[in-house]
Each structure stands twice: as C-alpha cells, then as structure tokens.
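Read off the chains here:
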Amino acid sequence: MNKSTTPPWQAVVVGVSMGGLEALKRLLSALPADFPIPILVVQHMDPQSGDGLATILDAFCPIRVKEADAGEQPLAGTVYLAPANYHLLVEPDGCLALSIDPPVNYARPSVDVLFETAAEAHGSKLVGLLLTGAGSDGSRGLRTIQQRGGHTLVQDPTEALAESMPRSALELLKPDAILSLEEMAPRLLDLAQYSPPKGLKPTRLP
Amino acid sequence: MPTPNLQHVEMHLLLEGVFQMYGHDFRDYAEASLHRRLNKWLAESRFPGFSEAQGPVLRDPAVFQTLLKGLTVHVTEMFRDPLAFKALREEVIPHLRTYPFLKVWVAGCATGEEAYSLAILLEEEGFKDRYRIYATDIDPEVLTQAKAGIYPLKELQKFTQNYQKAGGKAAFSDYYAASFDLAMLEPRLRERMVFATHNLAVDANFGEMNLVLCRNVLIYFKPNLKARVLELLDASLAPGGFLCLGQKESLDTTPWQKGYQEIAPRSRVYRKRYE
Ligand SMILES: C[S@@+](CC[C@H](N)C(=O)[O-])C[C@H]1O[C@@H](n2cnc3c(N)ncnc32)[C@H](O)[C@@H]1O
Chain A
1 MNKSTTPPWQ
11 AVVVGVSMGG
21 LEALKRLLSA
31 LPADFPIPIL
41 VVQHMDPQSG
51 DGLATILDAF
61 CPIRVKEADA
71 GEQPLAGTVY
81 LAPANYHLLV
91 EPDGCLALSI
101 DPPVNYARPS
111 VDVLFETAAE
121 AHGSKLVGLL
131 LTGAGSDGSR
141 GLRTIQQRGG
151 HTLVQDPTEA
161 LAESMPRSAL
171 ELLKPDAILS
181 LEEMAPRLLD
191 LAQYSPPKGL
201 KPTRLP
Chain B
207 MPTPNLQHVE
217 MHLLLEGVFQ
227 MYGHDFRDYA
237 EASLHRRLNK
247 WLAESRFPGF
257 SEAQGPVLRD
267 PAVFQTLLKG
277 LTVHVTEMFR
287 DPLAFKALRE
297 EVIPHLRTYP
307 FLKVWVAGCA
317 TGEEAYSLAI
327 LLEEEGFKDR
337 YRIYATDIDP
347 EVLTQAKAGI
357 YPLKELQKFT
367 QNYQKAGGKA
377 AFSDYYAASF
387 DLAMLEPRLR
397 ERMVFATHNL
407 AVDANFGEMN
417 LVLCRNVLIY
427 FKPNLKARVL
437 ELLDASLAPG
447 GFLCLGQKES
457 LDTTPWQKGY
467 QEIAPRSRVY
477 RKRYE
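Protein sequences appear in the order of chains A and B.
Per the numbering used here, the first sequence starts with residue 1, numbered consecutively.
Per the numbering used here, the second sequence starts with residue 207, numbered consecutively.
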C-alpha cells in the first residue's frame with residue numbers, strides 16, 4: 001500500500017455484550033485477513049470463561065483473532081480480544097494494557113474503559129463500533145470518541161439481539177451512522193480504503 | 207512535535223514530585239489505567255486541577271496518603287484464578303514437600319487473600335509449621351487489613367467456589383467464623399505469616415525464597431519497571447524455586463525466559479533452573 005492510500009485510522013474499537021458471539025462472527029468473518037487497521041474488542045463475558053472465544057473466532061474468520069497481551073503493539077490484520085476478567089486499555093503510545101481494576105458499569109472488561117483510553121491515545125484517528133448488548137456500557141466511551149473527533153458507528157437497535165446498549169448510546173450521542181450488522185464490515189472496508197491485493201486471494205498474515 | 211497534552215504534563219510533574227518527596231515511584235507505571243485513577247482521585251478531591259493539588263500533596267503527608275490510596279489497585283480474591291492454585295497444589299507442592307523448611311514471598315499481597323489462600327493450601331498439604339509466608343505490599347493500609355484477616359461475608363461465596371475449583375480438600379467454612387456481615391479467618395492461618403511494606407520499584411531483594419507469587423502487579427508496570435521487578439524476583443528466588451505470575455503475565459520474550467521453565471503451558475508457574 002503506498003502512502004497516499006494509507007487510511008488515517010490507527011485502530012478500530014468494538015464493544016459488544018449480549019448476542020456478541022453471533023455478532024462478532026458475522027462482523028469479523030466479513031473482513032479480509034489483511035484488513036489494514038488493528039481491531040480491539042471488548043465482549044462482556046463470565047470472569048471464568050477462559051480464552052475459548054478467541055479460539056472460536058480465530059478458527060471461524062479469515063482475519064487473525066487473539067486474546068490481547070499486556071504491552072503488545074497492535075498490528076494490522078489482527079483482532080485483539082479483552083481477556084475474561086481483565087480490562088483492556090490503550091496506552092498513550094498505542095500499546096495494549098490490561099488491568100484488574102474494579103468493574104466499570106458492572107463489567108470487566110468494560111467497553112467504556114477501552115473506548116475512553118483508546119480515544120485518549122488516538123484522538124480523531126479512531127473508529128468506534130457499539131453493537132448488540134444489554135445495559136449501557138460503552139455509551140460514555142463512544143461519546144468520548146466522538147468528542148475527540150473519532151468516527152462512531154452504532155448497530156441499529158431494532159435489529160440487535162439485545163437493544164439496550166446501542167439504544168442507550170443513541171440517547172447520548174448522534175453517531176456518524178446507525179447501521180445493520182450486515183452493513184458494518186463494508187463500511188469498515190470503505191473507511192480503511194481497502195482494495196484487495198490484485199490477483200491475489202487475501203491470505204492470513206503470518 | 208505533537209502538541210503537549212496539558213493534563214499529561216501536570217500528572218507527570220505531580221508524580222515526579224511525589225517520587226522526590228516520598229520515594230514512591232509511579233513514574234513507570236502503565237499510563238492508561240494510572241491516568242484513569244488519577245482523574246478519579248482528582249474528581250473526588252477538593253482540587254480543581256493537578257497543578258492546584260501539587261502543593262498540598264507535596265506538603266501534607268495526609269493528602270499524599272489519599273493520593274497513594276487512589277493510585278493503587280487492591281482488587282484481589284482468595285484463590286483468584288483457581289486453576290493456578292490447582293497447578294501449585296498438583297505440580298509444585300510435590301517438589302517442595304522434600305524441603306525441610308519453606309520460604310514463600312507474596313509480593314503485592316493487597317488485603318492478604320492470596321497469602322491466606324496459600325496458608326490454607328500448605329496446611330492441607332501437611333506443611334504444618336514448616337513454612338513461613340512473607341506478605342508484602344507498597345501500601346501500609348492494605349497490610350493492616352491483611353493482618354486482621356477479616357473480609358466482607360458477601361465475598362465468601364466467591365471464595366468458596368474458587369477454593370473448590372482449586373482442589374480444596376476440606377469444607378471452606380472450617381476456615382472462617384461468620385459474625386454479622388463479616389467473616390474472620392482462622393487466626394492460626396496467620397501464625398506463620400509476616401506482613402511488611404515493600405516497594406518493588408525501589409526496595410532491595412528478599413533473598414532465598416522457595417516460592418514467590420507476584421500476580422497482577424506486573425501488568426501495571428511499563429517494560430522498564432517490569433524488567434526491574436523481574437530482576438528483583440529472580441534475585442530473591444533460590445535455584446529450583448518457583449515463580450508464580452498472574453494469568454496475563456509471562457516471562458516469554460524477557461531475558462529471564464532462558465533461566466526458567468514453565469511447569470505447564472500457560473500455567474504462568476515457572477521453575478528456576480539450577481545454574
Ligand atoms: C491488583 S493487586 C493484586 C493482588 C494480588 N496479588 C492478586 O493477584 O489478587 C496489586 C497490588 O500490588 C500493589 N503494588 C503496586 N505497586 C507496588 C509496588 N511498587 N511494590 C509493591 N506492591 C505494589 C498494590 O498496592 C496492590 O495491592
């Protein structure tokens with residue numbers, strides 16, 4: 001990819017709760033293995049659930065999916081999931097961090113914690129997606145992303161498995177778009193100015 | 207040059223001042239969570255900004271204590287990550303059983319739950335009076351709570367579940383007495399424990415431990431401080447001893463990787479090699 005087509009985005013952050021496995025499967029499997037922006041995901045889950053979700057999604061999607069490790073520098077072509085029972089945060093230099101600070105909005109990992117720290121680190125070069133879920137985690141964080149000039153997308157509550165998370169965000173802010181899950185991946189590819197490598201079927205990055 | 211972030215500059219100056227005045231070094235803590243805690247402390251304080259807080263914090267140790275309390279995270283549980291304690295019981299204890307006397311260090315023990323969990327485990331595995339547990343933390347206030355061994359009764363349900371998943375051999379209710387909404391741990395569990403303040407960022411090593419637990423502390427540190435602490439832990443561990451880190455902390459890709467062997471993949475329990 002040459003310089004002029006490099007998208008301005010440094011990260012995509014995704015928050016999802018109830019109904020998340022299905023939603024993440026559909027969203028992430030529609031992205032190519034060489035998607036050019038790192039993706040960071042908070043999915044609410046039971047504290048004891050282990051790293052099964054990353055394994056399932058990694059097997060299911062062309063793009064690489066892994067559990068986030070503390071201190072790692074996020075790479076393109078990779079989705080980083082918050083581990084069960086840890087908050088996922090973004091350091092000012094863009095590296096990932098984990099904490100066991102108390103739950104926020106009854107949740108650890110919490111979407112607000114990821115969104116707010118990512119907004120702090122990346123400012124206007126951040127895309128935030130809030131998907132299906134119960135409760136209201138993520139609303140404040142998405143507003144912070146918007147206040148810092150980032151791009152905000154909310155799943156249409158009428159088609160979400162659980163509507164209260166996207167709905168409570170819509171009460172707090174007017175996002176750049178309200179989209180169905182189906183429309184999310186094309187929108188991300190658009191934002192990333194992604195064009196598949198010529199003649200090559202996209203393959204997984206090493 | 208990127209535009210300087212005023213708040214970051216103010217936070218940085220405050221932490222620098224705290225280090226010089228009180229010797230507590232937060233300058234190399236991971237920033238995202240530290241900044242969140244600093245902001246929370248500021249919001250709950252009477253100060254309009256960090257610059258305004260700086261004078262009082264540096265001049266008044268009582269104000270500094272509130273900051274210290276706000277900056278440290280004391281979240282912990284008994285038998286947190288039950289499978290790690292199960293691994294200790296099944297894979298580590300058989301090696302340690304042969305020792306005439308066992309020295310254990312719990313670094314960053316917070317309110318003590320982890321240290322009591324170990325005392326229970328060692329008692330069940332027959333160590334009786336053949337061990338000592340050194341439980342240390344940077345924050346003297348949590349150590350006072352740790353010494354008391356009294357926890358909210360509502361926590362005990364989770365502790366009990368963890369204990370059972372960790373391979374507990376008795377009834378967990380044997381280890382505490384409930385009174386109103388509190389649970390008092392059996393005083394005998396504390397007989398072989400020593401509590402002390404110890405700052406991993408600046409203090410010296412402990413020397414010749416057989417088992418060191420330092421869990422969910424390194425995730426809060428930047429790479430250079432993490433390296434300093436790993437060096438300290440390594441220097442405190444006898445050859446053949448065991449180091450137990452948190453589930454999301456590891457020796458992979460550190461200079462200590464070669465000197466240790468993980469007892470099972472991703473157990474985060476490492477055995478120090480004999481030279
Ligand atoms: C999140 S708690 C972890 C408690 C326990 N080890 C566990 O895993 O459940 C982290 C503890 O580390 C302590 N701590 C933070 N910085 C420290 C330092 N520089 N030296 C010693 N302890 C420190 C904090 O006060 C806190 O009690």
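These are computed hints drawn from the structure, not numbers from a lab.
Take the hints with a grain of salt, since some may be wrong.
Derived DMTMM-like pairs (lysine to aspartate or glutamate); straight-line CA-CA distance at most 20 angstroms [as the list claims (entries may be wrong)]: (1) B:K371 to A:E163; (2) B:K371 to B:D387; (3) B:K364 to A:D176; (4) A:K66 to B:E361; (5) B:K353 to B:E414.
Here are some, though not all, of the chain A residues that point toward chain B, as calculated from beta-carbon distances under 10 angstroms [said to hold, decoys possible]: (6) M18; (7) E22; (8) G77; (9) E116.
Far from chain A, some chain B residues (derived; all Cβ distances over 10 angstroms) [what the hints assert, rightly or not]: (10) G223; (11) R252; (12) Q271; (13) L302; (14) I356.
Even glycine gets a Cβ: it sits at the ideal position worked out from N, Cα and C.
Each hint tested on the structure:
Note on B:K371 and A:E163: the hinted pairing is violated, with a Cα-Cα distance of about 35 angstroms set against a maximum of 20 angstroms. For the hint linking B:K371 to B:D387, the alpha-carbon distance of about 24 angstroms lies beyond 20 angstroms, and the restraint is violated. As the CA atoms of B:K364 and A:D176 are separated by approximately 42 angstroms, the hinted pair breaks the 20 angstroms bound. Simply put, A:K66 and B:E361 have alpha-carbon atoms about 32 angstroms apart, too far for the 20 angstroms limit, and the pair is violated.
Proximity of B:K353 to B:E414 is assessed by CA-CA distance (about 24 angstroms); at most 20 angstroms being required, the pair is judged violated. Hint on A:M18 is violated. Least Cβ distance to chain B is approximately 22 angstroms, over the 10 angstroms limit. At a threshold of 10 angstroms, the smallest CB-CB gap from A:E22 to chain B is about 26 angstroms, leaving the interface hint violated. The interface hint given for A:G77 is violated, since its Cβ lies 20 angstroms from the closest Cβ of chain B, which is over the 10 angstroms cut-off.
A distance limit of 10 angstroms between C-beta atoms decides the matter here; for A:E116 the minimum to chain B is near 8 angstroms, and the interface restraint holds. Annotated as non-interface, B:G223 keeps its C-beta farther than 10 angstroms from every C-beta of chain A; the closest such distance is 20 angstroms. Its beta-carbon lying about 23 angstroms from the closest one in chain A, B:R252 satisfies the requirement of being farther than 10 angstroms from that chain. B:Q271, annotated as away from the interface, keeps every beta carbon of chain A farther than 10 angstroms; the closest lies near 20 angstroms.
Its beta-carbon lying about 27 angstroms from the closest one in chain A, B:L302 satisfies the requirement of being farther than 10 angstroms from that chain. The claim that B:I356 is not at the interface with chain A holds, since no C-beta of that chain comes within 10 angstroms of its own (minimum 20 angstroms).
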